[in-house]
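A.B. asks: Add chain B to chain A, keeping to what the hints say.
Line by line, the protein sequences give chains A and B. Read in order, the letters of the first sequence correspond to residues 30 to 155 in my numbering. Read in order, the letters of the second sequence correspond to residues -14 to 511 in my numbering.
Be careful, since some hints might not be right.
[Claimed, not checked] Below, a list of computed lysine-lysine pairs in the DSSO-like style, where the Cα atoms sit at most 30 Å apart:
| no. | chain 1 | residue 1 | chain 2 | residue 2 |
| --- | --- | --- | --- | --- |
| 1 | B | Lys367 | B | Lys436 |
| 2 | B | Lys125 | A | Lys66 |
| 3 | A | Lys59 | B | Lys346 |
| 4 | A | Lys59 | B | Lys10 |
| 5 | A | Lys108 | B | Lys2 |
| 6 | A | Lys66 | B | Lys128 |
| 7 | A | Lys59 | A | Lys92 |
| 8 | B | Lys367 | A | Lys66 |
| 9 | B | Lys125 | B | Lys186 |
| 10 | B | Lys2 | B | Lys62 |
| 11 | A | Lys108 | B | Lys10 |
| 12 | B | Lys433 | B | Lys397 |
Calculated directly from the structure, the hints in this document are not laboratory data. Model, not experiment: these values are computed from the prediction.
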Amino acid sequence: MRAAAWCRIAALSVGLAAISFAADEATIEKGHQVYAKWCLPCHGAGDGKPGTIASAAHYKGSKPAVLEERTDLTPEMIKGFVRNGVYVMPRFRKTEITDAELDALTAYLTQRSEPRSRAPVMGPHR
Amino acid sequence: MPLPPGLSAKDFADALKQLRGIVGKEWVFSEAEDVNLYRDAYSPFWHEQEEPIPSAAVAPDSVEQVQQVVRIANTYKIPIWTISTGKNLGYGGSAPQSSGTMVLDLKRMNRILEVNDKNHYALVEPGVSYFDLYRYIQEKGLKVWIDCPDPGWGSLIGNALERGGGYTPMRDHFDAHCGMEVVLANGDVVRTGMGALPNSKTWQQYKYGFGPYVDGIFSQSNLGVVTKMGFWLYPEPEAYFSGTVMAPKHDDIFRLAEVLTYLMNSGTVNGTTGVLNTANLAPPDPALAAVRVGASTSDLERYVAEKNLGYWTVDLPFYGPAKVIAAQWEFAKEKLSVIPGVKFQDGASYRFPLSAEQVAKILNPVPLGIPSLTTFAIGGPKSQGHMWFSPIIPMTGEAVLEATALFDQVYKDLGSPSGALPGFPIWSFFPRAFVIIYFFPIEHDVEKNRKNREIFRRLVKAAAEKGFGEYRTHTAFMNDIMDVYSYNNHALRRLHETMKDTLDPNGILAPGKNGIWPRRMRKARA
Chain A
30 MRAAAWCRIA ALSVGLAAIS FAADEATIEK GHQVYAKWCL PCHGAGDGKP GTIASAAHYK
90 GSKPAVLEER TDLTPEMIKG FVRNGVYVMP RFRKTEITDA ELDALTAYLT QRSEPRSRAP
150 VMGPHR
Chain B
-14 MPLPPGLSAK DFADALKQLR GIVGKEWVFS EAEDVNLYRD AYSPFWHEQE EPIPSAAVAP
46 DSVEQVQQVV RIANTYKIPI WTISTGKNLG YGGSAPQSSG TMVLDLKRMN RILEVNDKNH
106 YALVEPGVSY FDLYRYIQEK GLKVWIDCPD PGWGSLIGNA LERGGGYTPM RDHFDAHCGM
166 EVVLANGDVV RTGMGALPNS KTWQQYKYGF GPYVDGIFSQ SNLGVVTKMG FWLYPEPEAY
226 FSGTVMAPKH DDIFRLAEVL TYLMNSGTVN GTTGVLNTAN LAPPDPALAA VRVGASTSDL
286 ERYVAEKNLG YWTVDLPFYG PAKVIAAQWE FAKEKLSVIP GVKFQDGASY RFPLSAEQVA
346 KILNPVPLGI PSLTTFAIGG PKSQGHMWFS PIIPMTGEAV LEATALFDQV YKDLGSPSGA
406 LPGFPIWSFF PRAFVIIYFF PIEHDVEKNR KNREIFRRLV KAAAEKGFGE YRTHTAFMND
466 IMDVYSYNNH ALRRLHETMK DTLDPNGILA PGKNGIWPRR MRKARA
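Isolated chain A, as found in the complex:
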């Protein structure tokens, strides 16, 4: 059921990326902060990241498993996953990620000039 939802969200979002609005650097930076806080612990690089593990199993190398390395994400796809959840990933409430923060997140993940990993693994360590 969830796998079907995954495919449906992905299919619906094809072609919609072109009509998304260009975001400014401040929005993208805010999106980076949202990503670092909410997405990175599951979708970052390295071992033990459940989202990265699930993506690797799902795409079997046809797409990068690390979310920040993806270049095919669309705002609708990202919003669909965040608000509906998928597999073990729960839905995120608006007290966790507001609609404005979700817009910034989608800007960060879809409008960067190139794939990059800017988020720190886990804050500064002494």
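C.D. replies: Chain B only, in chain A's frame:
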């Protein structure tokens, strides 16, 4: 969305209008697309009518707003279900126990009010997660550790109130708290312990204050809304070391558990450990799987001898000064040497602070007080979620054998494979007792979920008949478990109900939480 029980659509609309006036219209959620975000992502009732659906959600930003929300709920008799970060996944998530209840979402109350690294404590609001507090401490360079449960996005307050556990010397999270601020059902604000003293200088340094110690009645309960809570933190230790103990024979469990109990109760071992049966090794060895089919104890003993493993394996964690840890490990080995053929192996060893590069190389940093979400890989990449059966058992070899055999038999009787998770030991999250944690996958399949609920309920009853009870449970089973805590004609539940009816006469706070129902809903349930 369902209406709160007994409330007309007009009255509910009036109440929502008043709530919007208090918290702002953007923080009252009544549209389906927003309210559905509060449904339990790991519900054992997927595609079934029994899944609890909230009527709405309200998200205040301050204690004063919580007071006003509670007063409105009282006026209209709207049941409200409090969540902190809403990440109690596996135990109900952000959803209420019954449909029509309105969620009181405290996620916006996410202030870290104080962290003191000289007296080692913190004071936080409910929306503060383990990640939040950890990042704050790192950014400020403070010399204190938090203790996290496996899911780092949880709330310190929510997890402690659910009496969750972690790994370090501060692993009993409710026990590690010091002082609360609570909004009662009538809107009054109470501070417990030394917090009752205006301008107290020791709210987070002495738990008990003066008079009856009431903090416990606000844990796993529905008698108040906790809006602040203090926690004792662990001074950053100099070192961590983990040593592995391998006992070769099945019957070694008796002496192993006895010595382990001594080591833990004496404080020699000062973190969470667990006893792993080799039969539960992860990843499973195909050769072991073959041996297990109809295998005798001696077959398994021969297998572990050939593989140079232990029949029972225990990892002992030590936190503190490096020289002391070395002495503790030597002492532990000396005590455990009463087990013939026991083997020891040095494990992970760290000096603190760690660099970011060191942290990045640690697969599961949670035992080092570093929050993570690694645990959510537990059911595999296609997992839809999980829930847990988690009874407390004595810290003895006899109990380990009795309980595991009992639960395995329940699964067998119901024609299902055991829920014992490969690689999962029998844990010691809490002092003086073990907790067994069995894994239940959440399926988006009605029949599979029904089967799992049947197994779960049989396990609860089988455990109770032998004197074992759960420390915590999913909202779906709260009534079942409260039912078996039945000494003296359910005297404990009757006491809970007396307190409930006194402190919350309109029954607005979290009806059904931990099997405690307000009078007006008890009658309907009888």
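A.B. asks: Looking back at the hints listed earlier, which ones does the structure fail to meet?
C.D. replies: Structure breaks no hint.
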